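A.B. asks: So you can see what is in the structure, the chains are spelled out below.
Protein chains: 8
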Amino acid sequence: MDIDVRAILEAVERGELSADEALTQIKLKPFEDLGYARVDLHRRVRQGVAEVIYGAGKTAEQIAGIAKSIATAHQGAVLITRMDAEKAEDVKQTLHSQSIKFEYYDKARIGIVGETPEPSGIGRIVIATGGTSDIPVAEEAAVTAEALGNEVLRLYDVGVAGIHRLLESKEEIMKASVVIAIAGMEGALASVVGGIADCPVIAVPTSVGYGAAFEGLSALLSMLNSCASGVSVVNIDNGFGAGYMAHMINHMSKK
Amino acid sequence: MDIDVRAILEAVERGELSADEALTQIKLKPFEDLGYARVDLHRRVRQGVAEVIYGAGKTAEQIAGIAKSIATAHQGAVLITRMDAEKAEDVKQTLHSQSIKFEYYDKARIGIVGETPEPSGIGRIVIATGGTSDIPVAEEAAVTAEALGNEVLRLYDVGVAGIHRLLESKEEIMKASVVIAIAGMEGALASVVGGIADCPVIAVPTSVGYGAAFEGLSALLSMLNSCASGVSVVNIDNGFGAGYMAHMINHMSKK
Amino acid sequence: MDIDVRAILEAVERGELSADEALTQIKLKPFEDLGYARVDLHRRVRQGVAEVIYGAGKTAEQIAGIAKSIATAHQGAVLITRMDAEKAEDVKQTLHSQSIKFEYYDKARIGIVGETPEPSGIGRIVIATGGTSDIPVAEEAAVTAEALGNEVLRLYDVGVAGIHRLLESKEEIMKASVVIAIAGMEGALASVVGGIADCPVIAVPTSVGYGAAFEGLSALLSMLNSCASGVSVVNIDNGFGAGYMAHMINHMSKK
Amino acid sequence: MDIDVRAILEAVERGELSADEALTQIKLKPFEDLGYARVDLHRRVRQGVAEVIYGAGKTAEQIAGIAKSIATAHQGAVLITRMDAEKAEDVKQTLHSQSIKFEYYDKARIGIVGETPEPSGIGRIVIATGGTSDIPVAEEAAVTAEALGNEVLRLYDVGVAGIHRLLESKEEIMKASVVIAIAGMEGALASVVGGIADCPVIAVPTSVGYGAAFEGLSALLSMLNSCASGVSVVNIDNGFGAGYMAHMINHMSKK
Amino acid sequence: MDIDVRAILEAVERGELSADEALTQIKLKPFEDLGYARVDLHRRVRQGVAEVIYGAGKTAEQIAGIAKSIATAHQGAVLITRMDAEKAEDVKQTLHSQSIKFEYYDKARIGIVGETPEPSGIGRIVIATGGTSDIPVAEEAAVTAEALGNEVLRLYDVGVAGIHRLLESKEEIMKASVVIAIAGMEGALASVVGGIADCPVIAVPTSVGYGAAFEGLSALLSMLNSCASGVSVVNIDNGFGAGYMAHMINHMSKK
Amino acid sequence: MDIDVRAILEAVERGELSADEALTQIKLKPFEDLGYARVDLHRRVRQGVAEVIYGAGKTAEQIAGIAKSIATAHQGAVLITRMDAEKAEDVKQTLHSQSIKFEYYDKARIGIVGETPEPSGIGRIVIATGGTSDIPVAEEAAVTAEALGNEVLRLYDVGVAGIHRLLESKEEIMKASVVIAIAGMEGALASVVGGIADCPVIAVPTSVGYGAAFEGLSALLSMLNSCASGVSVVNIDNGFGAGYMAHMINHMSKK
Amino acid sequence: MDIDVRAILEAVERGELSADEALTQIKLKPFEDLGYARVDLHRRVRQGVAEVIYGAGKTAEQIAGIAKSIATAHQGAVLITRMDAEKAEDVKQTLHSQSIKFEYYDKARIGIVGETPEPSGIGRIVIATGGTSDIPVAEEAAVTAEALGNEVLRLYDVGVAGIHRLLESKEEIMKASVVIAIAGMEGALASVVGGIADCPVIAVPTSVGYGAAFEGLSALLSMLNSCASGVSVVNIDNGFGAGYMAHMINHMSKK
Amino acid sequence: MDIDVRAILEAVERGELSADEALTQIKLKPFEDLGYARVDLHRRVRQGVAEVIYGAGKTAEQIAGIAKSIATAHQGAVLITRMDAEKAEDVKQTLHSQSIKFEYYDKARIGIVGETPEPSGIGRIVIATGGTSDIPVAEEAAVTAEALGNEVLRLYDVGVAGIHRLLESKEEIMKASVVIAIAGMEGALASVVGGIADCPVIAVPTSVGYGAAFEGLSALLSMLNSCASGVSVVNIDNGFGAGYMAHMINHMSKK
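Protein chains in written order, with this note's numbering: chain A, 204 to 458; chain B, 204 to 458; chain C, 204 to 458; chain D, 204 to 458; chain E, 204 to 458; chain F, 204 to 458; chain G, 204 to 458; chain H, 204 to 458.
Source of the hints: derived by calculation from the structure; they are not laboratory data.
In this text, all values refer to a predicted model and were calculated from it rather than measured experimentally.
Just to be clear, a hint being listed does not mean it is correct.
Said to hold, decoys possible - No farther apart than 20 Å at their CA atoms in a straight line, the calculated lysine to any residue pairs in the SDA-like style are these: (1) B:K457 <-> H:K457; (2) C:K457 <-> A:G260; (3) G:K271 <-> G:S300; (4) G:K458 <-> F:E292; (5) H:K310 <-> G:I303; (6) E:K457 <-> D:E292; (7) D:K378 <-> E:A259; (8) G:K458 <-> F:S323; (9) A:K295 <-> A:R327; (10) G:K310 <-> G:I325.
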């Protein structure tokens with residue numbers, strides 16, 4: 204069902220390939236089965252970036268195993284998200300012992316296997332947070348975007364309660380290629396940024412707050428209902444998702 | 204248990220009042236029982252304003268009956284909230300036929316029985332809305348505040364998606380005595396206004412919006428989580444409550 | 204605080220402008236105040252597209268008034284969303300009587316004032332729906348994107364319950380510049396499309412469904428939790444928001 | 204009221220049983236009362252399988268007591284679910300000291316008392332998970348089904364974000380007797396599997412995820428709203444329930 | 204990727220088929236595209252039953268069009284669910300004018316195109332409701348199951364508040380092949396039936412009730428938490444889903 | 204399993220009854236099956252009161268049929284709740300044409316078939332409402348309690364916002380046998396009454412209110428969390444349930 | 204405002220009391236102010252039982268202080284609920300050192316200060332639980348009821364999944380004065396017991412369960428929607444409230 | 204855009220200021236950028252009070268850094284809220300080592316940097332709590348109000364279940380300038396206080412309670428729906444916000 208099917212069929216027609224060989228090629232597993240995980244080795248080809256490993260709920264052994272499997276297949280940088288420092292240390296030792304490059308970013312809780320590319324893309328991604336407490340989510344977004352080859356500008360603690368702090372950075376926002384607006388509590392940052400920016404805005408609600416913040420629900424609903432156009436939303440605390448989406452937008456090009 | 208009890212007791216002590224008469228005075232009903240409603244005739248004395256009738260779920264007959272009962276007791280202006288135009292017409296005919304003054308404000312869905320006072324109070328109440336659709340709630344707040352004797356400035360459609368529309372009115376907001384911030388959808392207006400104003404802000408979430416606005420829940424949570432200080436919140440669409448609260452604040456004075 | 208402030212200040216310095224004239228220019232209202240709405244006339248300059256009027260909760264008179272105000276300022280196409288056919292007829296007559304071009308798209312419930320541009324942008328926007336009932340939301344997205352100058356391909360009724368219907372269109376999805384995935388009920392379309400596409404995916408939950416669909420909540424949560432990367436979400440039934448966001452992404456360019 | 208009542212009554216008629224003896228037999232307790240639990244000894248007869256003990260919230264002593272009571276009554280295998288490793292160790296020592304067979308499956312957190320039957324039933328139960336983190340729930344389902352006498356095929360980490368991983372196993376899914384689809388986050392696996400399979404699908408939402416996954420609510424709603432026919436749902440993380448239901452379906456036969 | 208791919212490839216190998224022809228066959232559309240809907244013509248082959256049309260939100264014209272498309276492809280009976288009487292009348296006239304058989308079941312709001320099969324399957328499906336108000340949902344389940352070739356026994360109004368009404372039918376429940384338990388309000392019927400029956404139980408929460416029934420949420424949660432084993436749940440008011448699932452279970456057989 | 208089983212068994216023992224006859228008697232249907240409803244004819248014996256018919260979602264024909272079935276079995280008064288005036292008129296004509304007594308209470312939306320008893324019981328049931336809009340629910344409770352043979356005192360519109368209105372009636376509350384506290388919005392009445400009364404208090408949340416009242420949810424949660432002891436709660440708007448419960452408490456006696 | 208006011212006034216009239224003395228008597232504090240708590244010393248007089256101290260969130264010192272204050276005023280037994288074993292040990296030492304009687308019931312987490320009365324009341328309170336895990340809540344109810352002077356029968360683990368376990372105890376339920384039905388998960392026990400019992404039933408939802416049990420929400424909604432009459436509900440896990448309410452009902456008598 | 208712009212422009216006009224200098228002054232940063240936080244140094248000027256630091260989620264280092272930055276700019280008292288004792292100790296040592304005054308209030312979890320003013324304002328702020336467990340929130344409100352220069356009266360444990368405890372303090376409530384009503388569970392205190400007081404009431408729901416209190420949701424909804432006028436609400440457990448709002452109201456004056 205892929206675009207190569209015609210080529211394979213033509214090879215069969217030409218007698219260069221038996222039916223059995225053809226079947227094998229068509230069905231060739233585009234993933235490696237590790238028992239506990241099916242590692243997707245074709246993704247970079249299909250989507251232009253490497254596999255991302257969701258670290259939470261996986262053991263250090265599983266993470267190292269998957270990472271090695273991908274790295275061996277020459278997939279470039281592999282991101283491991285939601286990984287605490289302790290697990291990262293274990294993964295590091297395993298991979299280093301096998302001469303596989305690995306670096307850990309603790310504020311972002313991200314580990315990166317392999318080389319990260321030079322910044323490229325249409326322009327600069329601006330990451331703004333409403334408060335100081337939103338920084339871990341922002342770092343997850345920033346490190347993700349940087350690892351995928353983007354220039355990132357961090358504007359932290361520019362919440363709307365002191366609107367002049369945000370307006371001070373108006374120029375950077377207007378020059379941005381993509382803006383990631385990250386806020387907990389009432390999440391108003393997304394709407395205000397959305398009204399200022401003339402580029403796509405990715406809004407990330409965070410679980411920062413208490414009481415009626417309901418673990419990020421308040422910010423989530425607020426951002427979904429943004430009265431500004433050009434704002435879309437990812438899951439609560441999903442810094443990775445926002446960084447990835449921003450990267451895709453910042454690397455738009457004719458196919 | 205009231206402050207007059209001592210006076211009554213002293214009168215008994217002086218023999219000017221019998222025990223029975225004293226008991227009667229102490230127990231004197233501070234309300235009139237109409238069967239379907241207990242009209243509170245002492246409230247103006249206690250709280251400085253007249254009874255307010257919640258019109259929804261009451262028949263025109265019940266409304267007119269209660270209104271007449273209060274008006275007869277010389278309580279000054281009576282507000283009837285949440286009353287549709289049709290019911291208002293019926294109430295009007297009944298009250299006018301008995302020479303009781305009554306006026307209906309259709310955008311605010313409020314009827315007023317009797318005379319409204321001249322504007323007084325510490326300063327001006329500013330009422331800001333995020334959009335055009337929030338106007339009915341804003342008018343409920345405005346007419347309430349005006350009927351209780353306040354000067355009101357209306358700033359409609361100054362939502363945060365075009366922040367310069369709001370900043371244009373920054374001076375009026377900074378000069379206000381109290382600000383009422385009314386918005387549906389993401390309700391970000393309250394936080395932004397709360398960051399600009401140096402007076403109390405009453406936030407009113409509205410049910411304007413669709414989808415994840417969940418009938419005002421989004422704006423409500425957003426406003427409760429406002430990162431700005433000096434913001435408190437009333438029920439969804441409760442323009443009356445905001446107008447009343449603003450009035451109380453605008454008439455603060457030493458007791 | 205804008206980039207022109209220096210220019211104005213230099214003119215004052217050169218004596219070409221008095222302080223008063225400068226102040227006037229700086230404060231020059233970037234919107235027209237119609238009483239019930241503050242029309243934002245600078246938005247096209249700031250964000251590259253014209254004002255969009257949210258038609259729900261506005262009268263035909265208000266809509267026509269705002270539309271005329273914008274059209275007179277030469278802002279190009281104006282979109283009026285969430286407008287029913289009856290209101291559209293009234294708006295049409297008012298605008299046509301003043302020789303202002305207006306066309307109504309009933310499936311999308313959108314009216315367009317003025318001329319729409321030729322398709323431009325990086326590539327083609329693909330709009331996929333899970334079922335037949337999602338079409339109105341999809342049309343809102345499609346007409347929005349087209350009115351802003353994008354080529355749109357509609358893939359309707361390709362829900363995941365018959366995955367081969369979706370896989371059949373795999374090539375179109377892989378060639379897309381942006382994909383808008385629209386689905387109600389369980390909203391699984393977003394994840395599956397997100398796994399196939401190598402471009403940004405905008406997911407739109409719809410209120411299609413019953414029972415535990417809870418008016419779109421099920422699809423909304425599902426899409427926010429998408430296990431595929433490169434998916435972001437807009438409000439329930441917000442076809443306009445998705446079309447607008449897709450347009451911005453499809454017109455990405457160096458600044 | 205049971206089917207034996209006629210037999211007992213006929214015995215009374217024949218004078219073989221007194222009214223009192225008959226009453227005793229009819230009322231004969233079909234359970235053993237341990238004070239803290241009423242152990243149901245007739246269930247195997249009634250429903251074809253042994254008692255299952257819900258281990259959470261019970262002490263090791265209570266669990267061992269109930270298990271022994273059932274085992275003594277020759278009920279075959281007894282499953283103890285939701286039992287952590289520490290408690291299992293205590294139960295093991297108590298039961299082994301009384302020569303009662305007991306084995307613990309730690310990934311599934313299930314203990315089994317007595318002998319498990321050979322695989323039987325109509326066909327094979329396929330258990331698919333969306334990700335690696337769903338495996339504990341999947342193992343609960345798998346061990347349950349195996350302990351009740353079913354052949355089980357595990358297909359782990361075949362989530363829809365890389366649809367080819369799932370399609371690779373299409374044949375196994377199409378050959379299955381029953382499929383158990385287990386997924387957290389957006390739970391889309393159930394719908395996609397439901398569209399491929401031509402057998403009953405039991406969907407199990409898991410609490411895997413974060414933010415708007417709301418502890419499994421997102422997957423639960425998604426699965427309940429599945430647009431595929433032939434899908435029914437059990438409680439969040441209820442691997443046991445799914446395994447049990449699949450067993451019943453896989454052992455369907457004329458009565 | 205289907206089981207016929209080898210056959211096709213072998214034909215190419217044998218020179219009986221050109222690569223192009225092979226490609227065409229492999230890609231042959233297994234559905235007809237009507238523009239507003241992609242009719243799935245292979246489903247009966249794949250899943251053993253015909254297409255089901257979800258009638259709500261589709262026009263009579265769309266329904267008739269889809270129905271005709273399927274009927275023409277000789278797919279046997281087609282079910283149209285959630286169709287009101289008025290729409291059914293329109294569909295009927297269109298189909299009858301084209302000599303296509305169509306019958307409407309008003310209590311179940313189901314229309315059936317074509318011939319329904321004789322009852323077959325392992326045993327009898329028992330459908331029990333908690334009250335009289337649950338009957339429409341029960342009829343949807345019953346007509347669905349009957350149209351797919353099952354014998355159905357209806358036990359209506361046997362709610363647990365008068366447990367003897369249910370116990371009276373204990374024998375029928377114990378003899379059933381599958382039981383569908385339908386209840387609104389507190390949904391306790393599912394648990395009680397689940398404790399009595401020794402066959403799979405499909406629970407259907409209904410939106411019957413008021414107040415804290417929250418449109419079926421109470422019954423839904425109750426059923427998901429059933430303490431009885433062998434109970435799985437479908438969406439609120441989803442009589443069709445239950446009937447379909449019951450049919451699949453009742454037709455289990457070795458493949 | 205009933206207390207009469209011994210008697211029946213003894214009759215068999217004495218040869219007065221055959222096994223078959225005994226079985227018949229034991230199984231004798233304690234309800235009449237009307238097809239759409241199983242009318243419970245033994246309930247009065249079991250619970251001391253007659254059947255209650257939930258009128259909502261039943262046709263006038265069904266109601267009349269059930270009512271007649273019960274009335275014919277000499278069960279005394281039958282209550283039909285949640286019946287609108289129009290349906291009541293139809294039921295009235297049907298029953299009167301068959302000389303069955305029927306009266307309709309429109310404020311309570313209750314119809315009563317047959318004779319209601321004289322007031323009896325331990326004392327007087329006091330029914331208090333927070334506002335005028337709660338009266339329909341209060342009347343449902345009052346008419347239910349009266350129809351079952353209780354003296355009822357109505358205290359309407361004694362909400363806590365004017366606490367003196369409630370304190371005025373303190374004596375009646377303290378003398379009550381049972382108090383039913385009915386309120387919407389914040390539902391504080393239950394707690395305040397619970398603090399004053401020294402008898403059981405049944406709290407009924409109502410759906411009166413708007414916005415964050417969420418159709419009675421606010422009052423429901425408030426009442427469930429009452430800090431006063433001796434308060435229990437029934438469903439939102441469930442006046443009947445409260446009246447019935449109060450009746451049972453007011454008729455407590457040694458068995 | 205109390206019934207003694209007349210007596211006091213008459214004493215003033217007779218010159219036996221000065222106005223000041225009278226005022227003092229009328230205002231005489233009916234509670235002792237400990238700074239952190241206002242101990243209500245009149246409650247036993249007003250409501251027939253002693254103060255109950257909610258132990259959670261209070262320190263051992265505060266608890267002992269309040270308990271001593273009440274005990275000194277000769278109020279009979281004082282219940283301290285929600286107190287863990289450690290805190291109880293501290294309270295015990297403090298009170299015993301002051302020769303105040305104190306006993307702790309660990310399963311119920313209740314401490315009792317002073318003497319508990321002999322069982323009295325109309326009949327016996329039956330406390331039934333759905334499972335073994337509900338026992339702590341049941342013990343809270345049982346110890347409360349016993350401490351207030353009631354005979355209690357415990358029926359634990361009689362959940363509806365094995366309905367015969369419950370029916371076995373039918374006679375005890377039918378003879379009960381009040382039944383307290385305690386269950387988590389789906390909470391169906393309340394409805395089934397409500398259908399069997401002919402006395403008031405107090406339902407207590409518990410937080411037992413997982414997943415869609417949502418910490419007791421499922422059982423709560425289920426119980427509020429019970430289709431059985433004569434069932435009212437208290438807060439989740441509120442064993443005390445149920446025991447107290449049952450006590451009040453079991454001690455009903457003419458005033 | 205500020206009021207000083209004219210002055211700056213006039214200085215440019217007079218040649219006293221160059222365009223560049225003017226631009227600098229207009230853009231002069233009104234905050235200090237610490238990297239992790241943008242400290243707002245103009246706020247006291249704008250809003251009359253100093254910056255407040257939300258301590259939760261910030262390290263002791265960050266807190267001390269921000270506090271020092273503000274204190275150095277001579278902003279008067281700085282409040283640090285939601286700071287636990289351990290963090291406070293660290294902050295204390297850092298600040299004291301730099302001779303900056305710092306005091307910690309442990310019940311309120313507030314630290315204060317610098318000097319607090321003498322009480323001023325219109326009157327006295329009364330803070331009432333429903334129970335003993337609400338005291339921490341009340342202390343947060345009290346210390347905040349005191350630190351901003353207000354006289355505060357604490358009325359703790361005056362919940363509505365013993366209404367006489369509250370009525371005893373009626374006079375203090377009626378004399379108050381502002382009342383802060385703090386309660387968890389059912390939150391009825393706000394409505395009762397709102398009915399008594401003739402001043403603005405700020406209601407604070409607390410997370411005190413269990414079960415259906417849902418972490419403060421019950422009290423929140425209750426307070427939002429208060430039937431008393433003049434009540435507005437802040438976030439759950441937001442003692443600071445209430446204290447701040449009360450301060451603003453208590454310091455109302457003509458501008």
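A.B. asks: Compare the structure with each hint and give your call.
C.D. replies: Against the structure, the hints:
Distance check on the hinted pair: K457 of chain B and K457 of chain H sit about 14 Å apart at the alpha-carbon level, within 20 Å; holds. Of the supplied pair hints, the one linking K457 of chain C and G260 of chain A is violated, its CA atoms being roughly 40 Å apart against a limit of 20 Å. With a CA separation close to 11 Å, the supplied pair K271 of chain G and S300 of chain G stays within the 20 Å bound. For the given pair, K458 of chain G sits about 42 Å from E292 of chain F by alpha-carbon distance, which is inconsistent with the 20 Å threshold.
The hinted pair formed by K310 of chain H and I303 of chain G fails the criterion: a straight-line CA distance of about 30 Å is larger than 20 Å. A C-alpha spacing of about 40 Å is found between K457 of chain E and E292 of chain D, which places the hinted pair above 20 Å, so the restraint is violated. Simply put, K378 of chain D and A259 of chain E have alpha-carbon atoms about 33 Å apart, too far for the 20 Å limit, and the pair is violated. The straight-line distance between the Cα atoms of K458 of chain G and S323 of chain F is roughly 15 Å, inside the 20 Å bound, and the hint therefore holds.
At roughly 31 Å between alpha-carbon atoms, K295 of chain A and R327 of chain A are farther apart than 20 Å, so this suggested pair is violated. About 27 Å separates the Cα atoms of K310 of chain G and I325 of chain G, which puts this hinted pair outside 20 Å; it is violated.
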